[in-house]
Amino acid sequence: MNTAAVIKRILRQFRRDKRSAALMIAAPLLVLTLMWLVLDTDEAAVEIAAVGVPEHFVESIETEGMTVTVMEEQEAEEDLDRAEIDGMLQLEDGVPVLTLEGSDPNTSGAVRSKLQKQLSEQSSPIEWEYWNGSSELGLFDYVGPALIGFFVFFFVFIVGGVSFLRERTQGTLERLLASPIRRSEVVFGYLGGFGLFTIAQSVVIAAYSIYVLDVFMAGNFLYVLLVTILMALTALSLGTLVSAFAGNEFQMIQFIPLVIVPQVFFSGLFPTEGLAEWVQVVGNLMPLTYGAEALRDIMLRGASWESFQMEVFILIGFTALFTALNIIALKKHRPL
Amino acid sequence: METAVEMNSISHWFGKLQVIHDVDLNVEKGEIYGLLGPSGSGKTTLVKLMTGLLRPSEGVVKLNGEKMPALKQMKQFGFMAQSDALYSELTGRENLDFFASLYGMSRKDRRLRMEHVLDMVNLTVDASRPVHTYSGGMKRRLSLAASLIHEPDLIILDEPTVGIDPVLRQSIWNELNRLRDNGVTIIVTTHVMDEAEKCGRLALLRGGRMMAEDTPFRLKSKLEVSSMEEVFLHYGGGIRA
Ligand SMILES: Nc1ncnc2c1ncn2[C@@H]1O[C@H](COP(=O)(O)OP(=O)(O)OP(=O)(O)O)[C@@H](O)[C@H]1O
Ligand SMILES: [Mg+2]
Chain E
1 MNTAAVIKRI
11 LRQFRRDKRS
21 AALMIAAPLL
31 VLTLMWLVLD
41 TDEAAVEIAA
51 VGVPEHFVES
61 IETEGMTVTV
71 MEEQEAEEDL
81 DRAEIDGMLQ
91 LEDGVPVLTL
101 EGSDPNTSGA
111 VRSKLQKQLS
121 EQSSPIEWEY
131 WNGSSELGLF
141 DYVGPALIGF
151 FVFFFVFIVG
161 GVSFLRERTQ
171 GTLERLLASP
181 IRRSEVVFGY
191 LGGFGLFTIA
201 QSVVIAAYSI
211 YVLDVFMAGN
221 FLYVLLVTIL
231 MALTALSLGT
241 LVSAFAGNEF
251 QMIQFIPLVI
261 VPQVFFSGLF
271 PTEGLAEWVQ
281 VVGNLMPLTY
291 GAEALRDIML
301 RGASWESFQM
311 EVFILIGFTA
321 LFTALNIIAL
331 KKHRPL
Chain L
1001 METAVEMNSI
1011 SHWFGKLQVI
1021 HDVDLNVEKG
1031 EIYGLLGPSG
1041 SGKTTLVKLM
1051 TGLLRPSEGV
1061 VKLNGEKMPA
1071 LKQMKQFGFM
1081 AQSDALYSEL
1091 TGRENLDFFA
1101 SLYGMSRKDR
1111 RLRMEHVLDM
1121 VNLTVDASRP
1131 VHTYSGGMKR
1141 RLSLAASLIH
1151 EPDLIILDEP
1161 TVGIDPVLRQ
1171 SIWNELNRLR
1181 DNGVTIIVTT
1191 HVMDEAEKCG
1201 RLALLRGGRM
1211 MAEDTPFRLK
1221 SKLEVSSMEE
1231 VFLHYGGGIR
1241 A
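Quick note, the sequences are listed as chains E and L, same order. Note that the first sequence ends on residue 336 in my numbering; no numbers are left out. Note that the second sequence ends on residue 1241 in my numbering; no numbers are left out.
Among the hints, erroneous ones may be present.
[As the list claims (entries may be wrong)] With a straight-line cut-off of 25 angstroms between C-alpha atoms, the simulated DSS-like cross-links for lysine-lysine are:
{"id": "1", "chain 1": "L", "residue 1": "LYS1016", "chain 2": "E", "residue 2": "LYS332"}
{"id": "2", "chain 1": "L", "residue 1": "LYS1072", "chain 2": "E", "residue 2": "LYS331"}
{"id": "3", "chain 1": "L", "residue 1": "LYS1029", "chain 2": "L", "residue 2": "LYS1067"}
{"id": "4", "chain 1": "E", "residue 1": "LYS332", "chain 2": "L", "residue 2": "LYS1075"}
{"id": "5", "chain 1": "E", "residue 1": "LYS332", "chain 2": "L", "residue 2": "LYS1029"}
{"id": "6", "chain 1": "E", "residue 1": "LYS8", "chain 2": "L", "residue 2": "LYS1108"}
{"id": "7", "chain 1": "E", "residue 1": "LYS332", "chain 2": "L", "residue 2": "LYS1067"}
{"id": "8", "chain 1": "L", "residue 1": "LYS1029", "chain 2": "E", "residue 2": "LYS331"}
[To be verified] Here chain E is said to cover these stretches of chain L; the calculated rule only asks that three of the stretch's residues, wherever they fall, bring their Cβ under 8 angstroms from a Cβ of chain E:
{"id": "9", "segment": "1105-1119"}
{"id": "10", "segment": "1219-1226"}
The hints are simulated quantities; they were obtained by calculation from the structure and are not laboratory data. Just so it is clear, CB atoms sit at the ideal spot from N, CA and C, and this is done for glycine as well.
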């Protein structure tokens, strides 16, 4: 009952405070678009080797930003090993086959799109092979899922944490606790009010990334929504919990490098397999690790529920833990 | 007479700092009880102890005979904090509606009471404006209205008339007197002398200690002085606690 009152009030505040509402939706879209512009570019200059390909064919595919050098097969393979060239073009039964060096998805994407464009003019088929790895994804495709998760997490953390903090600094928390509301009702009200808002936020961000920015997407859109909403709730419960330890908005911002930035390192944007065991343990304590992993599972590998349910349960566990701690932390403001 | 608020040998510490020293007080139902004391004397702390926002380090606080803090008693009083606790994005009416809904009032009750208390504090015309456009006094009045919204039998007001002009202050006191006549118990903290005079009984605080407690008339006559000001100064109000 009181929870519903808090939810209604938060939604009303969102309607009035358009800036916060816009921040939570427009800012992630803006940053995702910028990342997309930087990462999904085709403009990188690429270099490929032509092995046993007729001269006129080599000339026909050369284009701005792509040099094609005629080489011996052995020399080309050595260069591929050293990643000095980005691909090797051969002819097999008259069909061109391009072996991509493949370690940098960004470059692979550039080679593919340039060649495809040249060949489509001649309507010639082509086959693709990979020297290293087998990813057929651009860099943005690869980091996209983690970025979606990260931005949802980041902005909900900030806006949720600061709103809860303001409740304290403007005295309304005390006023609220001088009424017959339970501490848990305050916290659930926040989860509910922001939760409803983050559903809208998650839909917009996920749909924009997948359908407008065209991030690689092999899985179920509803699964993506489920995971982003859970990440938002985790971020909200963490943000409100952390705000109990901040004296003002400025101190809340100081928690970003402490709480948010480290999570980025473990979210899969950077490889962590080779790191020391204790470092990986640290990563396992961070909600973003699980959210990003689940999103990659769904979006890149088209995972079914079974293969990412563990991450979902862990995110729910984090939310439950932070919420419980938050209810306890409120004791500081009313012992009952 | 029945007791609304009962405080028995209350002491309170913030960390190592003792701010309330062995205070005993009883507020009878239907009286206006004033807490008068200089800044930092512990008025707000006492009020927070009464409302269950703080648990006393020592001693027992009872509201309507029940030991605080108790969730059941939270419904029984209206509280106006020293600083305005309002949602600045929301309008005056939306603020009241939110606080009203915390007391489980029906929609119809809420609407009726809302208009009544808005009228009481003279804010009917401005009630549809967001609170961040209000003046300091308007916010104070809205806070007062919020504390009265659920028709409590006990109202606890922490410096309710700061920043309110004399005319409106007079009308608020008229309203408080009218509420008292209807059996409502009122506790108010103040450091304004003419307001202290209007209380039925008065507790004088200094440095977290209760220096005296009586009707304004008897406090004055005991010291053979003619003004509250002199009583205040006598009990150390002039020197910072
Ligand atoms: N949360 C707190 N932590 C530490 N000390 C506190 C806290 N709240 C109040 N105090 C101290 O307790 C004493 C009494 O404060 P209180 O707010 O009760 O005074 P007051 O009589 O309401 O003053 P004013 O008229 O200025 O509002 C002061 O010395 C104050 O510094
Ligand atoms: Mg005070």
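Here is what the structure says about each hint:
Proximity of L:LYS1016 to E:LYS332 is assessed by CA-CA distance (about 17 angstroms); at most 25 angstroms being required, the pair is judged to hold. For the hint pairing L:LYS1072 with E:LYS331, the CA-to-CA distance comes to about 17 angstroms; that is within 25 angstroms, so the pair holds. At roughly 17 angstroms between alpha-carbon atoms, L:LYS1029 and L:LYS1067 fall within 25 angstroms of each other, so this suggested pair holds. Only pairs whose Cα atoms come within 25 angstroms are accepted, and E:LYS332 paired with L:LYS1075 is accepted, the gap being roughly 21 angstroms.
A C-alpha spacing of about 30 angstroms is found between E:LYS332 and L:LYS1029, which places the hinted pair above 25 angstroms, so the restraint is violated. Under the criterion of a C-alpha separation no larger than 25 angstroms, the hint pairing E:LYS8 with L:LYS1108 is consistent with the structure, at around 17 angstroms. Taking the CA atoms of E:LYS332 and L:LYS1067, the gap is about 19 angstroms. The hint holds against a cut of 25 angstroms. Of the pairs offered as hints, the one joining L:LYS1029 and E:LYS331 is violated, with about 30 angstroms between alpha carbons and a cut-off of 25 angstroms exceeded.
Closer than 8 angstroms: that is the beta-carbon criterion, and the segment 1105-1119 of chain L has 0 residues meeting it against chain E, so the requirement of 3 is violated. Taking a C-beta to C-beta cut-off of 8 angstroms, the segment 1219-1226 of chain L contributes 0 residues in contact with chain E, too few for the three needed, and the coverage statement is violated.
Violation of the numbered hints given earlier is confined to hints 5, 8, 9 and 10; the remaining hints are satisfied by the structure.
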